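Chains as they are written, first to last, in this note's numbering: chain A, 1 to 91; chain B, 92 to 572.
Treat the hints as calculated values from the structure; they're not laboratory data. Treat the hints loosely; a few may be bogus.
[Said to hold, decoys possible] Selected chain B positions facing chain A (Cβ under 8 Å, derived; list incomplete):
| no. | residue |
| --- | --- |
| 1 | Ser114 |
| 2 | Ala120 |
| 3 | Gly127 |
| 4 | Pro128 |
| 5 | His131 |
| 6 | Val132 |
| 7 | Asp133 |
| 8 | Phe177 |
| 9 | Leu372 |
| 10 | Met373 |
Bear in mind the structure is a predicted one, so any value in this text is a computation, not a measurement. For glycine and all other residues, C-beta sits at the position ideal for the given N, C-alpha and C.
Next come the chains, spelled out residue by residue.
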Amino acid sequence: MDIDIDQVAALARLDLSTEEREVLGGQLRSILEHVDQLSAVDTEGVEATRHPIPLATPLREDSRGEHLSHDEALANAPESDGSSFVVPRVV
Amino acid sequence: MSIPQGWEAVIGLEIHVQLATESKLFTAASTQYGAGPNTHVDPVTLGMPGVLPVLNREAVELAMRLGLALGCEIDRKSRFARKHYFYPDLPKGYQISQFERPICSGGQLTIRVDGDERVVCLNRIHLEEDAGKLVHESSRDRSLVDYNRAGVSLVETVSEPEMRSSAEAVAYMRALHQIVVALGVSDGNMEEGNFRCDANVSVRPTGQAELGTRTELKNINSFRFVGRAIDYEIGRQIAHIESGGEVVQETRLWDDEAGVSRALRSKEEAHDYRYFPDPDLMEVEIDDAWYERVVASMPELPAARRERFIGLGLTDYDADVLTQTQARADYFEAVNGQVHDPKLVANWIQGELLGALNAEGKEIEDSPVGAEALGELLGLIGDKTVSSKMAKSCFAAMFSEGVSPAAWVKEHGGQITDTGAIEAQVREVIEANPGQVEQYLGGKEKLLGFFVGRVMQATRGKANPQMVNELVRRLLEERRT
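Here chain A stands alone, though its shape is the one from the complex (with noise of 0.2 Å):
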């Protein structure tokens, strides 16, 4: 089982050292074997497992609820310009 380490380490935005590259590729690497187990059992006409708990999602009536006040909706933000979340421009 193969795994390009760069290119998943490019689509999670991560920068990872050489060192890091080797020792997390090895991890990926034994986590995916781990699971290819699975493709030795014959599922020939088994129906596929969806969900792991055999319910119906639970539903909502379409009411509205509380907000956050607006301080605590932007108290995490790194920055804010009182009403906005500011990020370094994306355009």
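The hints should help you fit chain B onto chain A, whose structure is shown.
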């Protein structure tokens, strides 16, 4: 725009429709438009650690309604998946969407272009949450994020790449818009972003089975822009290929002011979104009782209504115009319910009413003449209280001054339908114009109009024109013997 000889365009549309729910897809925060930035947010909206999404029943039901209207297969056990990408408008780092088991698959939409009917197949309709809104402040090198819209419920309607011109794409978009509004699935307000279109466009030499490389035009929010953006893109791709280039798969943004599209970013491959089933949500189970209840509550759709109008004796054209919006069709039915003369009602709505409304830039919803008042007026034509000509004057007064038909007739008097009175008037006109009578009898039959005109003048337009016509002819002919 016509596509150059030897080329064919292939267009598929992905339309995001904001569902008309009070609260968001997975949480009770408000969906109301126009609130101050970050005031309609709660821990689920902001993706705080430890929160759990709980699905809005109404959103599922609205998606089901749209699917049923479009002939889709409804998955009674659909699933939600996480779609991963990093962008500041996405608080969790993933969007909850549907991937392997969307709520609706297949289906079709009938469109009409230049009088020809075409069926466009749908691929799927899936539920998903909206992202927040970004405002870019280029002068300060920063972007502002408002999460009010984050988590609002959407359905994305994905067509097969089956459209061949911008006109077909626009017709598709209009037809879908009409349906979502008619069903109450969405407010369909395009200025508020309730109905947003992404267009996938590619070109290929005519006869080639294989599809060309496509580009995606993002977020086009008006019918007119869609047409222009697609035309531009078709022309750009063909010119590029003809000059020896290759189309690059990319996302492009339409700039309507400049009339061009610009590359935004190279399209990430689908697997880069790393979709997987969202473990926080289980299957969305639609049991028989729920399903049957929704099926039973489906209203008549615009296409069916159009067919029914044609069945009433209206022309295709009339039926098209009258079913263009639901309000128009409702208005027609309300008037016709009183008058029971579909053709007359259709003519009046399209002629006088829409004419007057257009002149003032108004929609039928805002008409100063309501359906009941118009029905009353047309009733007066039916029982010959007024002639159609008088009815037009009356309508003008109803429209601009708000008078009722009854009040107008009281003030101006009704139509003269008394044979004796009209006959006396006709005789008077004949006596007064011996020269014209002689010419008429000498073969100048066109003079009939002259006598009719004089009688109408003398009665200030109130004599029943048909009766005047008949009496003039009869009394003149009597002079021959």
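- Against the structure shown, which of the earlier numbered hints fail to hold, in ascending order? Hints that this structure does not satisfy do not exist here, as all of them hold.
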